[in-house]
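J.: As given, the protein sequences belong to chains A and B, one line each in that order. Take the first sequence: its position 170, counting from 1, is numbered 170 in my numbering, and each next residue is one higher. To convert, take the position in the second sequence, counting from 1, and add 1000; that gives my numbering.
Since the hints were made in silico from the structure, they are not lab data. Heads up, some of the hints might be wrong.
[Claimed, not checked] Computed beta-carbon distance windows for the label pairs:
hint, chain 1, residue 1, chain 2, residue 2, range
1, A, H194, B, V1126, 21 to 29 angstroms
2, B, A1075, A, V208, 43 to 51 angstroms
3, B, R1170, A, I27, 53 to 61 angstroms
4, A, S24, B, K1168, 34 to 42 angstroms
5, B, A1044, A, A2, 30 to 38 angstroms
6, B, K1078, A, R102, 52 to 60 angstroms
7, A, Q39, B, Q1032, 38 to 46 angstroms
8, A, T94, B, R1160, 41 to 49 angstroms
A quick note: this is a predicted structure, and the numbers were derived from the prediction, not measured. Cβ coordinates follow ideal geometry from the N, Cα and C atoms, glycine included.
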Amino acid sequence: MAVSWRSWLANEGVKHLCLLIWLSLNILLFWKTFLLYNQGPEYHYIHQMLGLGLCLSRASASVLNLNCSLILLPMCRTLLAYLRGSQKVPSRRTRRLLDKSRTFHITCGVTICIFSGVHVAAHLVNALNFSVNYSEDFLELNAARYRDEDPRRLLFMTVPGLTGVCMVVVLFLMITASTYAIRVSNYDIFWYTHNLFFIFYMLLMLHVSGDNYGNTTDIQLELYFIWVCRDIQSFCWFADLLCMLHNKLWHENRPDYVNIQLYLSQTDGIQKIIGEKYHALNSRLYIGRPRWKLLFDEIAKCNRGKTVGVFCCGPSSISKTLHKLSNQNNSYGTRFEYNKESFS
Amino acid sequence: MGQIEWAMWANEQALASGLILITGGIVATAGQFTQWYFGAYSIAAGVFVCLLEYPRGKRAKGSTMERCGQRYMTAVVKLFGPLTRNYYIRAVLHLLLSVPAGFLLATILGTACLAIASGIYLLAAVRGEQWTPIEPASPREGGMAGRAHHQHRPSNPPPRPPAEARKKARATAGGSPRAAPRPTRVPVTDEVV
Chain A
1 MAVSWRSWLA NEGVKHLCLL IWLSLNILLF WKTFLLYNQG PEYHYIHQML GLGLCLSRAS
61 ASVLNLNCSL ILLPMCRTLL AYLRGSQKVP SRRTRRLLDK SRTFHITCGV TICIFSGVHV
121 AAHLVNALNF SVNYSEDFLE LNAARYRDED PRRLLFMTVP GLTGVCMVVV LFLMITASTY
181 AIRVSNYDIF WYTHNLFFIF YMLLMLHVSG DNYGNTTDIQ LELYFIWVCR DIQSFCWFAD
241 LLCMLHNKLW HENRPDYVNI QLYLSQTDGI QKIIGEKYHA LNSRLYIGRP RWKLLFDEIA
301 KCNRGKTVGV FCCGPSSISK TLHKLSNQNN SYGTRFEYNK ESFS
Chain B
1001 MGQIEWAMWA NEQALASGLI LITGGIVATA GQFTQWYFGA YSIAAGVFVC LLEYPRGKRA
1061 KGSTMERCGQ RYMTAVVKLF GPLTRNYYIR AVLHLLLSVP AGFLLATILG TACLAIASGI
1121 YLLAAVRGEQ WTPIEPASPR EGGMAGRAHH QHRPSNPPPR PPAEARKKAR ATAGGSPRAA
1181 PRPTRVPVTD EVV
């Protein structure tokens, strides 16, 4: 028999609308978090280490967050009874919607199950990747302490790992006792295990507090190394070290990490740093004194709103200039913190 | 608490654990992690556990809901007699099956869940429960052995509305009031949710 659209709308419309809103919220949250960890610059290095596992674990975590917040609301029976009985909910349509509270609770529960599965799988892969991709350069980022560290140690000896395992066990007990067959035959088992939700939430609070995936704002520094000398020979003191540093960064695909600028303050004739192996330094050699104001403006433009540390080692004339420039205002909102040391 | 049939819950847990083992095993073998053969074992163990646990045992009291199409596996599981009837054996079997999967990170959750199921089966065995196959329904009940809760027809009529409402009904009806509603001939099925 054909469905009357008016009856359908009256009976199913609002319910489906609410479901659609809830579904859209979940999809939006998942997508946004996924993109944040996939593309956000502050997560660049940890993304290199963990790849898809990071994005999936974080995206599923945010969906889990939403559903764990919502799932208790339909079970606030006193509140529902109050809403139903009062004048606050006048329409029959809304009252009928409240009748669907248990269905919504179950929907959120199933979602929690599915995304817990995704979250756990992604974190297990992450634990393995932390161990395999351990690198000396990213000690603060890596949850592992050495290469090929047993990932089971990561799972059971860290706060998020241990609370996560306990939560999975609690969830397993709750879900297996919530099937229709059990509810019909042994309601007690269902009731008592479902009251474990309290422990689940305690564990959840601990789980999120032990966040060990730091972001990498510290590691994304750029270093501007500006060296002013009177004659060319002075640079040879550290030419080897500078070239070695430059090559190392070049091979690690981080050529912008250190920005080397060498200035020859004596401007008589063009001098080149002798030697083929100092090619990298030759191209960074400037004749004349540095134009500090322009340099500060350029650095401010590239680091809007951030705090830049200025470290000066040299005579007081340079120091005075840099100190003054550090205190000056700039149109990019960048702050310069001035530090000085001198060895003379 | 004395009325709880633990075996039914253990059965649900074991079935879920089997599925978790299969999933973990697939992740381990597909990811080609080291010691991936534990993953292959996990898949095999998971399939075995799922097949063994699929047919639900009969409850001591009341009727039991069959799982869809379980009668085929019931026939197979029945063949093993005491091996599958006894829950002590099942508890030990599940415990042993769960151990190898504990060596691999991807399948360690399957181990934990199956071990818990084994524990609950032990509890059920201690309380004297055992697995009884659900036999196919006799024709008299129309083949719906698991669905209908046959209860005796109630001897009392359903409760009547309060006195004032009855008086009003009598007044508006104008004639002699209806007697208590006639008992129905349709068996009562109560859906407990």
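J.: Out of the numbered hints, which ones does the structure contradict?
T.: Result: hints 4, 5, 6, 7 and 8 break, sorted rising.
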